[in-house]
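For the protein sequence lines, the chains are S, D and R, in the order given. Counting from 1, position 223 in the first sequence corresponds to residue 223 in this note's numbering; the numbering is continuous, with no gaps. Counting from 1, position 75 in the second sequence corresponds to residue 75 in this note's numbering; the numbering is continuous, with no gaps. Counting from 1, position 73 in the third sequence corresponds to residue 73 in this note's numbering; the numbering is continuous, with no gaps.
No wet-lab data here; the hints were simulated from the structure. Beta carbons are placed, not taken as given, at the ideal position from N, Cα and C, and that holds for glycine. Take these hints with a grain of salt, some might be off.
[To be verified] Straight line, CA to CA, 16 Å or less: simulated EDC-like cross-link-like pairs of lysine to aspartate or glutamate:
#1 Lys124(D) to Asp109(D)
#2 Lys222(R) to Glu207(R)
#3 Lys201(R) to Asp144(R)
#4 Lys47(R) to Glu307(R)
#5 Lys106(D) to Asp321(S)
#6 Lys234(D) to Asp219(D)
#7 Lys234(D) to Asp216(D)
#8 Lys10(S) to Asp152(R)
#9 Lys5(S) to Asp321(S)
#10 Lys242(S) to Asp109(D)
#11 Lys62(D) to Asp8(D)
#12 Lys16(D) to Glu307(R)
[To be verified] DEER-style ranges, computed between Cβ atoms:
#13 Gln172(R) to Asn50(S): 32 to 40 Å
#14 Glu41(D) to Ser215(R): 35 to 43 Å
#15 Asn82(S) to Gly171(R): 25 to 33 Å
#16 Phe311(S) to Gln277(D): 49 to 57 Å
#17 Gly201(D) to Ala145(R): 53 to 61 Å
#18 Gly9(S) to Gly138(D): 29 to 37 Å
#19 Gly9(S) to Ile51(R): 43 to 51 Å
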Amino acid sequence: MGTAKYLLGKLGQLFITLILVLSLAFLLFRVWQPGDPVATWAKASGAKLNAEQLDQIRHEWGLDVPLPRQYVSYMGQMLTFNFGTSTILNPQESVSSMFWSRMAKSAILIVTSTFAAIAIGVLLGIYGGWKRQGKVDQASMSSSMILYAMPEFVLGMIFILIFAATLHWFPVSLYESPIPKTGLSHWTDVINHMALPWLTLTLAYVGEFYLVMRSSLLDVLGEEYIALARAKGVREKYVLRKHAVPNALLPTITLVALSFGFILSGVITVELVFSYPGVGKLSVDALRQRDFAVLQATFVISVIAVLLANFIADLTYAYLDPRVRRA
Amino acid sequence: MSVLNVEDLRVTYTTKGGDVPAVRGVSFSIDRGEVLGLAGESGCGKSTIAGAILRLHSPGTKIEGTLELEGEDILALTPGRLRAVRWTGASIIFQGALHALNPVQKIGDQIEEAIQVHGMATQKEAAVRAGALLEQVGLPPRRKDDYPHELSGGQKQRVMIAMALACSPTLVIADEPTTALDVMVQAQVLTLLRSLQHDLGLAMLFITHDLSVLVDVSDRLAIMYAGKIVEEGKASEVFHAPQHPYTAALAAAFPEIGDARFRHKPTGLGGDPPDPQQIPSGCPFHPRCDRAIDACKTVVPELWDAGSDRRAACVHVAGAPSLESVIS
Amino acid sequence: MKTEPAITAPEVQAPVLPPTKLTPRQLRRARHRRTLGRFWQQFRQSKMGMIGLAILIFYAGVAIFSIFANKGALDPTITTNGPRLAGPSLHYPLGTQIDGISVLSLTIEGARISLFVGLSAALISMLLGTLIGMWAGYKSSVHDAILMRITDVFLVLPWLALAIVLAAMFGQNFWIIIIIIGLTSWAGTARLVRAQVLSVKERTYIERSRALGASDAHVVLKHITPNLMPIIFANTILTIAIAILSESQLSFLGLGDPNAKSWGTLIEEAFNHGALTLHAWWWLMAPSISIVLVVLGFTMVGFAMDEIVNPRIRER
Chain S
1 MGTAKYLLGK LGQLFITLIL VLSLAFLLFR VWQPGDPVAT WAKASGAKLN AEQLDQIRHE
61 WGLDVPLPRQ YVSYMGQMLT FNFGTSTILN PQESVSSMFW SRMAKSAILI VTSTFAAIAI
121 GVLLGIYGGW KRQGKVDQAS MSSSMILYAM PEFVLGMIFI LIFAATLHWF PVSLYESPIP
181 KTGLSHWTDV INHMALPWLT LTLAYVGEFY LVMRSSLLDV LGEEYIALAR AKGVREKYVL
241 RKHAVPNALL PTITLVALSF GFILSGVITV ELVFSYPGVG KLSVDALRQR DFAVLQATFV
301 ISVIAVLLAN FIADLTYAYL DPRVRRA
Chain D
1 MSVLNVEDLR VTYTTKGGDV PAVRGVSFSI DRGEVLGLAG ESGCGKSTIA GAILRLHSPG
61 TKIEGTLELE GEDILALTPG RLRAVRWTGA SIIFQGALHA LNPVQKIGDQ IEEAIQVHGM
121 ATQKEAAVRA GALLEQVGLP PRRKDDYPHE LSGGQKQRVM IAMALACSPT LVIADEPTTA
181 LDVMVQAQVL TLLRSLQHDL GLAMLFITHD LSVLVDVSDR LAIMYAGKIV EEGKASEVFH
241 APQHPYTAAL AAAFPEIGDA RFRHKPTGLG GDPPDPQQIP SGCPFHPRCD RAIDACKTVV
301 PELWDAGSDR RAACVHVAGA PSLESVIS
Chain R
1 MKTEPAITAP EVQAPVLPPT KLTPRQLRRA RHRRTLGRFW QQFRQSKMGM IGLAILIFYA
61 GVAIFSIFAN KGALDPTITT NGPRLAGPSL HYPLGTQIDG ISVLSLTIEG ARISLFVGLS
121 AALISMLLGT LIGMWAGYKS SVHDAILMRI TDVFLVLPWL ALAIVLAAMF GQNFWIIIII
181 IGLTSWAGTA RLVRAQVLSV KERTYIERSR ALGASDAHVV LKHITPNLMP IIFANTILTI
241 AIAILSESQL SFLGLGDPNA KSWGTLIEEA FNHGALTLHA WWWLMAPSIS IVLVVLGFTM
301 VGFAMDEIVN PRIRER
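Excised from the complex, chain S in its bound form (with noise of 0.2 Å):
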């Protein structure tokens, strides 16, 4: 009973919270934006088109009614992924459309990347946690805070520099070689292109993660149920495994989750580095050109994305412990 209404209760502050956003995303993208969208596009797509058609798109597209009823028109667009047309870059396209093809590609390269850098971030955080100021620890501790200082851009360049400039281990940059190829050759050819982007990603973020757990798991060394379990004469290793390691998972469950804002953030500019062709690079483009309409799909789907990441966080808090589940 305690998870529902606990989950119940943060699909609300879900809910809320998109409220919010989106209405921030109206003010942005209607009111206070520059210039006039109907024109722009106009000029881009190349029709002639007098003031009468103008006003007729304007119409159609719902610009010409009173703001509060836009506001509301608006958050049911946005809900329902209905973003409009692109206005410069690809004048034809509807934004949703552009957007599927390169959601996916982004997607594996972000979900995989984040995956790898919490496991490995979580294993050695427990390690370095529990033999602190070993060999391991004090090397994780120095690489972690290189690595924290790095833009994640300047890593991913690194990369290109040693393993695919000079080494020509991997392709310098895209998705997949310019002669499409078929079959198994197609997706090893993928994995070759995504390998190094997918480093860049994985190594930017698993310093923080190792911190985290490192330091949630000196915390909870530091309680009293640690030393009562070692006076019943429980072994070290199942001090860690059965007391220590599950309760520091909470903690770091919940830091781990405020890092995802970040994590969209890097892959951005780690997309632009690489060519990548994913929502990223997408959002690069269409700054470059000011497109507002494509903007305002990767400002959405972006927030939208790192909230449904926090709210599978708070599922596997939920999970994980009791004093929720069991209110």
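Based on these hints, arrange chains D and R on the given structure of chain S.
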């Protein structure tokens, strides 16, 4: 036959700021079925002794002296033998049941863990025994499927007691078991501890700063100050007729209604306990003592005879050697 | 004996009073000096902190140097007969870029810009976060709930997505970048400050002060804020590190001020001119290593301060 024999125990913590001598030469023994109360202010070293008996301190801590549990030299135990002796020879009831239980594990599992670690029963048998233990401390057995946050402070402390009895130890160390509880709950828990100790014939080391509690529970009483014992003897005698000025002050801080001594205003003791790294010369208590004389600044008192079955570390007691022979 | 809340700030200690020929203000100043002295003593013992401090002093020197000197090498009106895209040499210690300008000069100039943007943005973020956090923590639960919802929104938001939009709309001016970074990074500080205020608020001397009739402003200024200063300061140092990283990301995307080239902008120019494939690693590495060093410097100092100021960490 003594269950616990401690001789000249010295415990020193090593910290970044230097060595901290928390316990500076403590000796006592506890017989089967006997309750020894250990009292003193925070920082006097009493909890350190509790941790030292089961060697729970961090590896950097220096423990010297003699520490024997049922004849076994604790300080010489191999890690394997130490793990075996823990909980079966002696167990601990910690203070602050707030954080002494693993929040994400059922309390039944935590009790069963103690039993299973020592291979004393199968899983099913351990579960049964856990339920029985809970009943012994006044909790319904079905509560073993509960998590710590579903219990009140008093109930958690009962769980701690049940857990401490799980492997039928010979000695139970109670480290401030009632400090974090409300007064009414305190009384219940104390009654429970007393009856269990009596029924099971346990030897008990009862550590607290609350002297009034100790008088009822203990057979013998030892008062600690600045890492050493300054008075020891039969519990009620020590409390009602203290020989050491510190004991007197400590007792006066817990006045009893009806006792003529406390008829007028309650008295406290000025000053603070000394920093273990800066212990005063001579008698460590002399800066706060209202009966200090010049000799107290230089003479380091030992536990001298202060009556029948009573010893105190003060120059004023009957058994103290004459001052001329002590001042060198 | 674990009774302390999640994060505690050390209590402001009662002063040992010298003979009273001094005014209260002088006494207070003496006390502050003593606290600072003690803090410095502890900081000195942290190897990590001292190395970080050394790095920061070095780059601060570089930035100050760039204010007074270094102009000549950057002046575009002086036609450079120098080599283009040349590797490091005696004459050009860090090599040259595509226009023949010395990378060393550009990097020195970039120090001033990057550091200034980072510090200013962090200042805005700190002020916003502290104000909001204090308001939420101190005021009634309604204020708290609303402010915390808003804080959560900003905490969850992928800041770069928002920053890109703002920069696209409002321009690539130097000051706009500072404001944008400040506006998108205050949430962490707000959460921290609020937690601190909540724990300090419960302390007895606050209750006593209010019983004596102290106004909210008095309680906040005289009692709560001094307790928070150390933790806020440590947090601000870490915020500066994040601000510098954020600025580099924005500049790399091309949103930096073209008239004030920060390190991020240098990297962007290098990248867009194909420095990677042309193997002109010096053009990329000089600004990159500088960013890493400066951020490391702030992070190390911040962690060292955190260790001193946050008793929970100290006990380990």
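Q) Which hints from the list above does the structure break, by number from lowest to highest? A) none
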